[in-house]
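Taken in order, the sequence shown gives residues 5 to 669; the numbers are from the working numbering.
Mixed in with the good hints there might be a few duds.
[Claimed, not checked] Only pairs whose alpha carbons sit at most 16 Å apart, straight line, appear in this in silico EDC-like list of lysine to aspartate or glutamate:
| # | residue 1 | residue 2 |
| --- | --- | --- |
| 1 | 509 | 561 |
| 2 | 218 | 294 |
| 3 | 602 | 616 |
| 4 | 509 | 546 |
| 5 | 142 | 385 |
| 6 | 218 | 276 |
| 7 | 142 | 386 |
| 8 | 145 | 624 |
| 9 | 499 | 561 |
| 10 | 499 | 554 |
| 11 | 218 | 136 |
| 12 | 509 | 477 |
| 13 | 509 | 469 |
| 14 | 499 | 546 |
| 15 | 602 | 624 |
| 16 | 509 | 493 |
| 17 | 628 | 599 |
| 18 | 602 | 623 |
| 19 | 602 | 485 |
| 20 | 509 | 442 |
These are computed hints drawn from the structure, not numbers from a lab.
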Amino acid sequence: MVITPFPARQPFFGQGEREYKTNLCTFIFRHRASQSSRFWRRAVEKPRVAEACGRLRGAAGLTTVANVNPASATRIARHIGWPILGLALIGGLFGLWLRPRAPQADLARYSPQETLAFVETESLPSALRQIETLAFWKAIKPAIGFPGQLDDVLTGARFIEWLDAGPAEARLLARARWGIAITGLAAETSPPASPNALRGGKDQPSDGATLDLKPRFALLLSTGLAAEQIAAIARERLPAAARRLFGQPAQLLEQPLAGGILLRFRHAERPETSLWAATQRDLLLIANDEAALQACLDTSQGRRAALADLPAFGRARQAVRREQSLLFAFVNPRGLDAALRLGPLNWGRSDTASLDGQEQSLTASLLTGLSDGLGYSLSIEDGQVADRYYLGLHSQIVAALRPHLPPALDVAMAQRLLAARPGELTVATLSRPLAALDRLQAALAARSNPAVAFLSREAMAGLRERYGIGPRDPLDDALGDQWVLISLDTAPDGKSIVGAQVRDKARLLPTLDRYLRADGASLVTPSPTHSGIPLVVSTRRDGRAACFLDDWLFLGDQAALERWLTQRLSEPSPLPKITPPPPDAFLYRYYQPSEDLKSVTLALIALARAGEASPARLEEAAVKRAIAAQAVASGHARLGDDGCFGEMRSPIGNLAYLASLINAL
5 MVITPFPARQ PFFGQGEREY KTNLCTFIFR HRASQSSRFW RRAVEKPRVA
55 EACGRLRGAA GLTTVANVNP ASATRIARHI GWPILGLALI GGLFGLWLRP
105 RAPQADLARY SPQETLAFVE TESLPSALRQ IETLAFWKAI KPAIGFPGQL
155 DDVLTGARFI EWLDAGPAEA RLLARARWGI AITGLAAETS PPASPNALRG
205 GKDQPSDGAT LDLKPRFALL LSTGLAAEQI AAIARERLPA AARRLFGQPA
255 QLLEQPLAGG ILLRFRHAER PETSLWAATQ RDLLLIANDE AALQACLDTS
305 QGRRAALADL PAFGRARQAV RREQSLLFAF VNPRGLDAAL RLGPLNWGRS
355 DTASLDGQEQ SLTASLLTGL SDGLGYSLSI EDGQVADRYY LGLHSQIVAA
405 LRPHLPPALD VAMAQRLLAA RPGELTVATL SRPLAALDRL QAALAARSNP
455 AVAFLSREAM AGLRERYGIG PRDPLDDALG DQWVLISLDT APDGKSIVGA
505 QVRDKARLLP TLDRYLRADG ASLVTPSPTH SGIPLVVSTR RDGRAACFLD
555 DWLFLGDQAA LERWLTQRLS EPSPLPKITP PPPDAFLYRY YQPSEDLKSV
605 TLALIALARA GEASPARLEE AAVKRAIAAQ AVASGHARLG DDGCFGEMRS
655 PIGNLAYLAS LINAL
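All chains, full assembly: derive it from the sequences and hints.
Here's what the structure looks like:
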């Protein structure tokens, strides 16, 4: 056998094709001829394999090569095949990663511009993936014995989302982005049976009338699936949802729609009660009202202006939304007006609402003249929940407020107050508050009709009278710029204490005396508690009291003041680590999130079926350690050119309300 030796340093590239094949095959056969395998020898001796080897030698021009061991060739194929297979697999996965993906739909493009409120969320796997980065989740998961089966389900959902493979229903749950558009509110009043009605007289519906609100909304799902797949899912799954909603099987009416289908599930006994659904390209819409569904369909087809084109919506989204935000919400100024015209709810009288049209018009005009929309977003950053808020303000309102909200927070004073272990602390700068109210009222009046302007002035005068402030009281000169609000407990009904910096105590005392003696009350001076700080207590029913501490005035309930003063004298606790506010902030807020963490823990136990969700579980050592290890919540607010921006960082944030809602379903 004559074999031309392979040149040691001659490169493969740059040679002729025939010469390259000859040298390569010669090199391989020469250095692998001594290796053999019984299994591969038998395989190569088969006629088809031998014929293939002959064709390879002929193509390479190796006419002088003879008696080559077939096992050596198959040995080469075995060693080369696995790397090639691995490279092919890596290339396939890389191709899946780089494959062009359909751009995420902007659900605001499917919502009409008159939408009262709009909410959008990320896909379920994306949201859960971010929730798993929470420091609280990592601590509480082993403490409550969270089952591992759910992790397997979440992992499978992520693979389905990434590979875009699997059943259509699984792909919908893994990829769909959710949105809710509230297009209207229906109000029904139920007048109570009045004594006049019982005696044959006329009923008075405005006295304690019960107001029932029913939102008209559409649920929007951007699925990324084909229209046929969405239609099949709607036909198969929505009847069960309608049956669960109505408590009995629903009548299904279907009709074709441009680019999809329209479904109506009607209650058998109450035909006016229906569940509506429609498919439009890759969009699935579910609504409780036909008008809400039609408004979204018209918007998706370009027949109505979209919410995304509203300037106030764009400003709110830009102010609070981040790339990794799990949730974004927007309240339209038109939504504020529509909601308030249903009645300024007097929640102090149980569930009743005033039906006074003048009062409704005043409240609606005041608040819509103040703001052009409210934005909110929720995201998870650095193991904590970041809640961001944006209140759009008209330029006249911003100009009126800016001189009275100087960014000059006394952070050192806030640190001293935190040593008393309050449940919640808010520190703000407010310069010359009476002048600020006057300028705010003037700016609101400039944007309202004369009747509303007059009523707003009367409302401001009533506010002054309520707190004993006369028209010529030098309150602005007597008070400083720093204000605090202290809550000893985080419970909703917890007592609060208001503190104000004092510049001139002598000029402040007449106003304070009128405030404490309101409604003919008298003043008493109880014996000082072991705090040693005297209190002045009013005999008024609400038990209001006041005390001076250094150059500060504190107002609140007598029991709350005494408790707080006692805590100040006790051994101070270590100061919590707090994030300092930015230099342009006019408000700083801090609170202990332990109550929220406890409620979320019970909700997670119930959701995961990890035992009985009873308060006794909160006393377990592992659970107590997980809750105690969490950081305090802190946030700030600042005034911008077109509105007020706020941010809150906490271990759980508003996810506490979401967990409670899911647990209640």
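ask   = Against the structure shown, which of the earlier numbered hints fail to hold, in ascending order?
value = 1, 4, 10, 11, 13, 16, 19, 20
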